[in-house]
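Chemist: So you can see what is in the structure, the chains are spelled out below.
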Amino acid sequence: MFEGLVGFNEKMEMQPMLAERWEASPDATTFTFYLRKGVKFHDGTPFNAEAVKYNFDRVTNPDNKLKRYSLYRIIAKTEVVDEYTVKFTTSEPFGAMLATFAHPAGGIVSPAAAKQGADAPAFGKKPVGTGPYKFVEWVPGDHLTVEKFADYWNPAQGAKVDRFIIKPVPEAGTRINMLLAGDAHFINTVPYAQVKQLQGNPNVAIAANEAIYTFWVAMNTQKEPFKDKRVRQALNYAIDKQAIIDSVLAGYGKLADSPLAPRVWGYKSVKTYPYDLQKAKELLAQAGVSNVKTTLWSSDSTEAKQVAVALQGQLKEVGFDVEVMAMEAATLSAERFKKPEENKSMMNYAGWSPSTGDADWGLRPLLSKESWPPTSFNLAFWDNPEFDAQIKAGLQTADPEKRKAAYAKAQEIVMEEAPWIFLWVNTLLGGISTKCDGMVIQPDGIAYLRTGYFK
Amino acid sequence: MFTYFVRRILALIPTLLGVSIAVFLLLRLVPGDPARMAAGLDATEADLEFIRRDLGLDKSLPEQYLTWLNRALHGDMGRSTRTRNPVTYEIGLRLPATWQLTAVSITVAVVIGLVTGITAATRRNSLLDYGSMVAALLGICTPSFWLGLMLMLIFAVQLHWFPTSGRGDWRHLVLPGFTLGAGAAAIIARVTRSSLLEVLNQDYIRTAVAKGLHERAVIYRHALKNALIPVVTVVGLEFGYLLAGAVITETVFAYPGVGRLLVDSISYRDFPMVQGILLILASQFVLINLVVDLLYGWLDPRIHYGN
Amino acid sequence: MAISEAVETPIAARPRSLWRDAWTRLLRNRAAIFGGIIVLLIIAGGLAAPFITPYDPIKQNLRASLQPPSPTHLLGTDVHGRDIFSRILYGAAISLRIGFLGALLGGAIGVVLGLVSGFYGGAVDMIIMRLVDIQLAFPGLLLAIAIIAVIGPGLENVIIAVGIFSVPTFTRVVRGSVLSVKQQDFVTAARTVGAPNHRIMRLHLFPNILAPVLVLLTMRIATAILTAASLSFLGLGAQPPTPEWGAMLSDGRDYLVLAPHVATFPGLAILLAVLGFNLLGDGLRDALDPRMRI
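Protein chains in written order, with our numbering: chain H, 1 to 455; chain U, 1001 to 1307; chain P, 2001 to 2294.
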């Protein structure tokens, strides 16, 4: 329904959307976008620089209580240069700004519709954007319907089906049954445990797409025995990741060779820790660590629990007696986000996908000192000034080459210091009826439907 | 009768107040931060503070409760922290769906339960009796997610008789209705059997049979009505549970009912929504109990509502 | 009403023969014997698990994941390659413990509340019954989630949650029995001679409500096992890798079609246990007092 100034394709590559081109100042503080002409909102009002300014003024005003306030807070001001040119100024250098505009929250809504709906209760609001499909109705808990927008600015990429009906179906077995029975044409997602049910059926196919998720176990580097780098590396050697991928993930994953997934902008292949029990034991002996009792936190989803139990079994081989605590989501995040003094986390199994598709959002919230809980998600409580310096350098400039160099260095430091046990990058699985094509799950987990069509 | 009715209605008030206070306190005891859940993992501390203030979570507990109560009495249950829609709107969307499903499944349960129970009781200690009672026990402990998915596989995927899931015409209600009704049917069958057996052993029934009345006539004209009292109690209880406890069935069939909404809201720590739903569920529950009590009087004229 | 008729016979005067009669009747009930045998078998299986299981219940072998039943693995393996047969036997001890302790805990609290409520009546009765109403009007699931969330998951806490779950049922049944026993001559007599309240409750009321409590207890063990299983199903039960039946059942939910043995066998184990305790409970009721309404 919505489009941003820039956006991602189904491979998470940046693409021009409502902006035809853009410029950034070398110090990464001003960003100028040259907008596409002749674009109309679903309500018929024209898209222009004023509309863009309205959108970003709205999101950066804390009084509007919009969810993504924190993402765009860095924008100090938005100026209309002419009808189709708009200029953003940030309060400090922010090299990852472009990716932030590509974030799904950067979708531009029609100012006319938004103003009208401002006082109405939320359920009366009709979301109005510029995308190839427009909103028809939303019945919470039941379905969302969108239909073809006839005046779409790019007919070649426009809607190929009349309408989509999107239903929330929480039970995976049900989604698969819906697809098999022909009640659904596309499902997001298929759990690895059930993927075999789709294989070999002539009416359905698997829509697989490599994710930008990396999965890992963060070790609390401020507590024993994880203060010692040798212990952390030893655990990396102690895990037979491929065996877990083959059983729990049904083979749909590849070993993580960086804290970032290959499809994240700025990724560099660094190295993997091979499964080597001997080496693990040697390192632990050097560090003088044996018979450790500790805890591993994970979410209570089936897959997370299966992984946690597999990790538990393998860590036992090197003398780590791990208690798995699978917690319900809200409890887990409450525990994880406790202040360092109260935080009881030792080992944490988690996965992360940078929703901006940029290295900054894949590293900074997870590993920099400023991101210790409760501020953000540095569950390893890792504190490495060298790494922090590289992250900062990556934000000081808008020059892609300079940024890439900084992030490459940062990834090397992480792999060597091993604040995490590096596990895998997974492949997201959707199911699609053989009657249609063009739909896939985006690498960040969102269904990518706009290119869907009937064969 | 009328004063009894009024007294019973008045007695609901402390129960409902108790429920609302219990829910309120429990929600605050449960770990988990509604602001964090609403804002997402990557929100900053400032964002969270902001949301907490917006939800009134920075005030003292009694103050929060009284504010909520005051608004609720005026018909405003607040807004969901998840969808930002008014709580009453979201519940209003789901209640009819839940009622429909409950009506279907309680009908299924009562019909199957009564038939099985009566058959078993009239043929006591026969193979049919043992068979139906074992079947009833199977019904009680068959996990509904398993039953649901199996029914779906057979009747929707293989045979295409019914849609797999969702809400729509009557065909959408058949599979979830059976899934949900199966457990209650089993319980009703057991109670019907034992209660009918008890009545059949009583003197007046024996007399009736001895007088030469046809056995079938005895059962239906005399015994059944008297045997129904405990059955009505159980049906009432099950009705209340079905209205609240359809979570798993709703999840399996992607059915937009209140149960799912409740569980989703709990895991999301959507306090206003949870409070609203539970208040409504509790009201339904106590009202049904009241109806059950009134039914006793119809079934057994000896029961008076005086005291 | 039914209960009052039942206890009109002066059972307090000849308690021994009542229990002996009941025992004889129980032995004549084929279904109850069958239930009893199932229960005994499960108990024996759970106790003997460490000696007769072929594999360590938590030892993983990811390379032998999801194998169907075979001579090597009688009931197959789960996703982590653990032997399901061994896990079910070990799980018997765990599920039984939850069942027994959960029902006992609920029973103990419920009996005390029911006795007090029924005996004293008046304001005490009203408060207790309102509390029971409140708990009954509360969807069980939220209560369980809330209890577990507050005290944390784990085996002991599951027992507590399951116990609290059972309190209202016991309270109501005990209160009902007390109300009918209270009116009888021997209680009135005890009161006239000035026996203190706690003595009346202990010596005169309690023995007379023992029968319904025993029956309810047996059936509640089954309910407790089922409740614990659904808690595990919701991820709130015993923590991995504990081989609790409900947890094993829920581990298998994603493999219902591809590897049905993962869910089927733990499911059957739960079913057998519930069947056994229910048949035994039915038999006990018929033997002690067929008119008891439980």
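The hints are simulated quantities; they were obtained by calculation from the structure and are not laboratory data.
Incorrect hints may have been included.
Said to hold, decoys possible - With a straight-line cut-off of 27 angstroms between C-alpha atoms, the simulated BS3-like cross-links for lysine-lysine are:
(1) H:Lys281 with P:Lys2059
(2) U:Lys1225 with H:Lys339
(3) H:Lys254 with P:Lys2059
Nothing here was measured: the structure is a model prediction, and the numbers come from that model.
Chemist: Kindly indicate which numbered hints from before are broken by the structure, ordering the numbers from low to high.
Modeler: 2
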